[in-house]
Every structure is written in C-alpha cells, then in structure tokens.
Amino acid sequence: MSSLSRDDVAKLAGLARIEMSEEELVNLSNEFTVILDAVARVQEVAGADVEPTSHPLPLRNVFRADVVVPSLTPEEALSGAPAQEEQRFRVPQILGEE
Amino acid sequence: MIRNSASEMAAKLAAGETTSVALTQAHLDRITAVDADVHAFLYVDTEGALAQAAAVDAKRAKGEKLSPLAGVPLALKDVMAQKGVPTTCGSKILEGWRPPYDSTVVANLKKNDVVILGKTNMDEFAMGSSTENSAYGPTHNPWDLTRIPGGSGGGSSAALAAFEAPLAIGTDTGGSIRQPAAVTGTVGVKPTYGGVSRFGLVAFSSSLDQAGPCARTVLDTALLHEAIAGHDPKDATSINAPVPQVVAAAKSGDVKGMKIGVVKELNGDGYQPGVRARFEESLELLAKAGAEIVEVSAPNFEYALAAYYLIAPSECSSNLARFDAMRYGLRVGDVDGASAESVMNLTREVGFGKEVKRRIILGTYALSSGYYDAYYGSAQKVRTLITQDFTKAFEKADVLVSPTCPTTAFKIGEKANDPLAMYLNDIATIPVNMAGIGGMSLPSGLADEDGLPVGFQIMSPVMKDERMYSVGAALEAALLSKWGAPLLDKAPVLGGAR
Numbered sequence: 165m166s167s168l169s170r171d172d173v174a175k176l177a178g179l180a181r182i183e184m185s186e187e188e189l190v191n192l193s194n195e196f197t198v199i200l201d202a203v204a205r206v207q208e209v210a211g212a213d214v215e216p217t218s219h220p221l222p223l224r225n226v227f228r229a230d231v232v233v234p235s236l237t238p239e240e241a242l243s244g245a246p247a248q249e250e251q252r253f254r255v256p257q258i259l260g261e262e
Numbered sequence: 022m023i024r025n026s027a028s029e030m031a032a033k034l035a036a037g038e039t040t041s042v043a044l045t046q047a048h049l050d051r052i053t054a055v056d057a058d059v060h061a062f063l064y065v066d067t068e069g070a071l072a073q074a075a076a077v078d079a080k081r082a083k084g085e086k087l088s089p090l091a092g093v094p095l096a097l098k099d100v101m102a103q104k105g106v107p108t109t110c111g112s113k114i115l116e117g118w119r120p121p122y123d124s125t126v127v128a129n130l131k132k133n134d135v136v137i138l139g140k141t142n143m144d145e146f147a148m149g150s151s152t153e154n155s156a157y158g159p160t161h162n163p164w165d166l167t168r169i170p171g172g173s174g175g176g177s178s179a180a181l182a183a184f185e186a187p188l189a190i191g192t193d194t195g196g197s198i199r200q201p202a203a204v205t206g207t208v209g210v211k212p213t214y215g216g217v218s219r220f221g222l223v224a225f226s227s228s229l230d231q232a233g234p235c236a237r238t239v240l241d242t243a244l245l246h247e248a249i250a251g252h253d254p255k256d257a258t259s260i261n262a263p264v265p266q267v268v269a270a271a272k273s274g275d276v277k278g279m280k281i282g283v284v285k286e287l288n289g290d291g292y293q294p295g296v297r298a299r300f301e302e303s304l305e306l307l308a309k310a311g312a313e314i315v316e317v318s319a320p321n322f323e324y325a326l327a328a329y330y331l332i333a334p335s336e337c338s339s340n341l342a343r344f345d346a347m348r349y350g351l352r353v354g355d356v357d358g359a360s361a362e363s364v365m366n367l368t369r370e371v372g373f374g375k376e377v378k379r380r381i382i383l384g385t386y387a388l389s390s391g392y393y394d395a396y397y398g399s400a401q402k403v404r405t406l407i408t409q410d411f412t413k414a415f416e417k418a419d420v421l422v423s424p425t426c427p428t429t430a431f432k433i434g435e436k437a438n439d440p441l442a443m444y445l446n447d448i449a450t451i452p453v454n455m456a457g458i459g460g461m462s463l464p465s466g467l468a469d470e471d472g473l474p475v476g477f478q479i480m481s482p483v484m485k486d487e488r489m490y491s492v493g494a495a496l497e498a499a500l501l502s503k504w505g506a507p508l509l510d511k512a513p514v515l516g517g518a519r
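Going down the list, the sequences are from chains A and B.
Each number in our numbering corresponds to the 1-based position in the first sequence with 164 added.
Each number in our numbering corresponds to the 1-based position in the second sequence with 21 added.
In short, the hints are calculated from the structure, not lab data.
Ideal Cβ positions, reconstructed from N, Cα and C, are used throughout, including at glycine.
Treat the hints loosely; a few may be bogus.
[Unchecked claim] Some chain B residues judged to face chain A by a derived CB distance under 8 angstroms, without partners named:
1. Y64
2. Y122
3. N366
4. R369
5. T385
6. Y386
7. G398
8. P440
9. L441
Whenever a hint applies, use it, and build me the whole structure from the sequences.
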C-alpha cells in the first residue's frame, strides 16, 4: 500500500510553493493513501517492453520563419501586473539580504 | 426565437426576418430571466455583445458576404482568453484579470462574426466533473436545479440547455465537453487533438487539452467546429492539414455500410440501467439506419483512469507554476521585506481551491525523483497501450461507441468529498484524450428511473472527425422521429415563460 505522511505532503507543498495549514496537510495525507492505491494500478501493465507515450502527436521540433511579427505593447504586457515601476514588473525581494 | 437551433437562427438572419441585435438582446433577456437560478455565466458582456451584433447587422445591410454563423450568439468557457474581458478559469487567482490578447478560438469566432455573450462557469482550471470546484459557486443543471450540469464545462452545457445561448465553446481534457453535454441533453464534440488551436486556452494538461464546439444539434456543432478549427502557427501542436468536412457529414448523416464498434469494456457493471437501456436502443436505431454493429475489445481501457490521474496532475503541476503572483493575477503578502518565495506561497494558498491543490501535489509527487518511473513513467506506458487498443479496434470498425457516462446527473454536493467517486464519471471519456482521437456526445433520451438525460458517445480516428458527425446526425434524426420533438422540450420550464 502506498501512502504519504503529513511530512511528505509538507515537503511536496514546499516544492510546489503552496503554503498549507496543518489541517490541509493532514487531510491530503489521508486522501493520498486512497488515491495512490488507485493510480498505482498503472504498474500492473507497464512492462519494460512497452514504450512510453508523452504526447498524442509524433512531433519533432516545429519551427516558424524568423520574421518579426507584432507583439504586445509594454502597456498591454503590464496591464495585469500586481505592481509595476518604470515600465517593469515590480516584484518582492528575490535574493537574501547579504 | 431562442429555442431555435443556431442554423435556424442563421437562416432567419440571412432572410432578414430578424437582426443580430434583436437575437442577441433576446438571449441577454433570457440570461437576465434565468441565470440567477442556473448560474451558467461568470460574466455577461452586454455592451460588447450588442456592439458586435450591431457591426454584423451593418455588414449584412451593406450586402457583405458573411459566414454561416454570422450574427448568432455564443457562450464562451472562461478558460479562453478574450481581449479585455475578464478571464478567471473559475479561480480566485485570476479574479479580475483581463487578457491583453485574444485566443485563436476567439479570433476565429470574431472573424466568423459569431457574437460572444459572455464567459461561462467551470471547475477551477477545468479540474472537475461537476462545476462544483468553481471558486464562484456551482452551476445548476436546467433539468433539475439541485443537480450538477457536468464539468468542467458545466456553464457552457447549462447555458445551452437553458436556452441562454445556442452555441458554446468548451474544452475537453478528460471529458469536460462530452460529460456536461451528456448530463444536460446537449451535444458536445472533442475534436482530434491538434484540430483546434490551444493558443490562449489556459493550459491544464497540455498533451490532453482540446477545445471544441457545443450546441443543441449535431449540425450546429459541426458549423461551429468548422468556424474554430484549422492550423495555427501560434500552437506548435496544431495539425497542419485541411479541416475534416464535418458540416457535409452532419448534413448527409449517412451510415449505410458503416461499421460501428461497441466497446465491450465501456458498459456493464457500474453503468446505470437507464443509461444502458438508452444505449441499446440507439444501437438498434443505427442498425436500422443501415450501419453494421460489431463488438470490439479494448482490454487496457480499465487502466485509463489511473493513468489519467497521474498524467493530468503531472502536467498541471508544471503548467500552474506560472501562477506565481509576479506578472498578473492575485498577489498576497507583499509587505515590506517579504520574499518573493513567501509571496508565492501565500498567494497560491489563497488563490487555488482544494481540488487544484490536490492535483498539483499529486503531480509534484508523481514527477519527483525516485517515484517518476513508478508513476508518471508507468502512466505513459499505459497511454501507449490504450492507443494500441484504439488502433486495433479501428481496424474492425469505422467508429467506436459507448455510453458517455456511467450515470445521469448526480446531486450537487453528493460526491464533493469523495475525489475517487468523482473521477469515475470520466471513465468512458478519458481513453479518447489519451489517444488524441475525436469524441462526440449527443443525447440518446432520458433514463427511465430518474427522467434525466443520457449521452451516447461516438469516437473516431485521428482527423476522421467527419465520421462521428455522420453517425451522430443519423442517430439524432432517428431519435427525433421516434420522440416527435427535441429532447429539451421535456426539460422543466425555467424562470416563468418559455
């Protein structure tokens, strides 16, 4: 039986950049015991001889001609910005203090 | 007028019997009258729709050559970017966002002069089968307001069934067009993957997502299909080939000599008796219309649901990383000295709902080192096996058929706390997305035990979408002559006058 502990879920939530309450962590941990059992069934038929499919179309790289086409104006690109300054996205501090 | 099909409306417009402004206003009035009960719309663009309608009327007055659906109104699923119009995907994280560009589907609709009435409700980021996962409250099924209208495109299907719009756009990642169509007695098509551009469709699971047409008749669905389909350089996965001739197929509805394969595994235990009865009845009608019914087997379909709930969450955990509170959408906790990381964490906690978080965490797990091969890798292998099952089945039959869903519409709240029970709704629709083929759901009648609509699913090979339209049109005609009137005439009266 597969399962995820409360601490496992907390680690995944950290990787996925989602703050979670203690209650959410415990609930998800309980739900995952059931969900992982159900999805683990894929292992029953996934033999070493079966090729994986990542995409329905057999595509290689798709290129277009290297020509300039109209794009968004700075005003349009910034129109949904939570904060902006001097025609740029203003974001919270990314690097540490030192 | 609002109970007409889109093609009847288009004919009246062409004949000068009505105007697009009058037709659009009639639908806006209908929305005002019934949408407090149905809640199909998240945003009604009254001004924009009437302006678009007036522009079409002016073009027509000048004698310009117009497209077949010019002037006919449409409801747009809120997952599609429309320039300047709020686009939320049913999520708090995008509340108030107005895209600075049009999706290709919207651009195509505008090019065809289809009037966009507004944006329809959906499960958050299209994750769900009931529209209960919308951050803005559930949509109600016009057949019974205490029941779900399907999901994720429940707003679009309910708008059609409530006569708030004759046409709608949906998107289908695991059944989000077909299952809502089935439980509301409407028609919905998931085209071949790559048949309709995904540019401007907010991504959930990129290898599975496909936009498609929804309507009340097979012909209307085909007309909308041709209006939105075609190659788009802005979508690298868009197929560069002529659009299948779906309108011609829907008009002819000829199934003589066609082989129709019944998928053995998509029936039987777990399917409601009324669903099975309507399915058998439809098979008999298709046989009478000249089709040959054969049985096919797809032994790996039983693993499709498990594989889907690894592949879709994996892709979603990556796709939804873009909602990082930096460039658009919600930003929470941006106080002096707060780090970007803490702002992201807090924003995503508040902005995402329960099901979205559940799937992001599941996907993050399935892709994490040490578990990748066992989960995501195995699921990709199952995808190969399912595609092989389809290839073999299509050697024996021109199209495949099954019930669209195992049950009719369930009660709002009934499955909200049981994710696995909810996921089972999509058991018959998911294989189509895994293989990237086409799928249609059309109404096959009402289940005897509860009087609710049942859907009939038709699946066609890659870029042979016209086949499902031929079969759909044949079945629709046979059922209509059996019933004597469209199925939706049996739906209860909403908001007073019909």
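Against the structure, the hints come out as follows:
Because the beta carbon of Y64(B) sits about 16 angstroms from the nearest beta carbon in chain A, more than 8 angstroms, this interface hint is broken. Evaluation of the Y122(B) hint against chain A yields a held restraint, the C-beta minimum of about 7 angstroms falling below 8 angstroms. Because the smallest distance between the Cβ of N366(B) and any Cβ of chain A comes to about 4 angstroms, under 8 angstroms, the interface hint for this residue holds. Because the beta carbon of R369(B) sits about 5 angstroms from the nearest beta carbon in chain A, less than 8 angstroms, this interface hint is met.
A least Cβ separation of about 5 angstroms between T385(B) and chain A falls short of the 8 angstroms threshold, and the interface hint therefore holds. Satisfaction of the interface hint for Y386(B) is found here, the shortest Cβ-Cβ separation to chain A being roughly 6 angstroms, below the 8 angstroms cut-off. About 6 angstroms separates the beta-carbon of G398(B) from the nearest beta-carbon of chain A, less than 8 angstroms, and the hint is met. Annotation: P440(B) was flagged as interfacial toward chain A, and the flag holds, the nearest CB pair being 7 angstroms apart, inside 8 angstroms.
Nearest Cβ of chain A to the Cβ of L441(B): about 6 angstroms, under the 8 angstroms cut. The hint holds.
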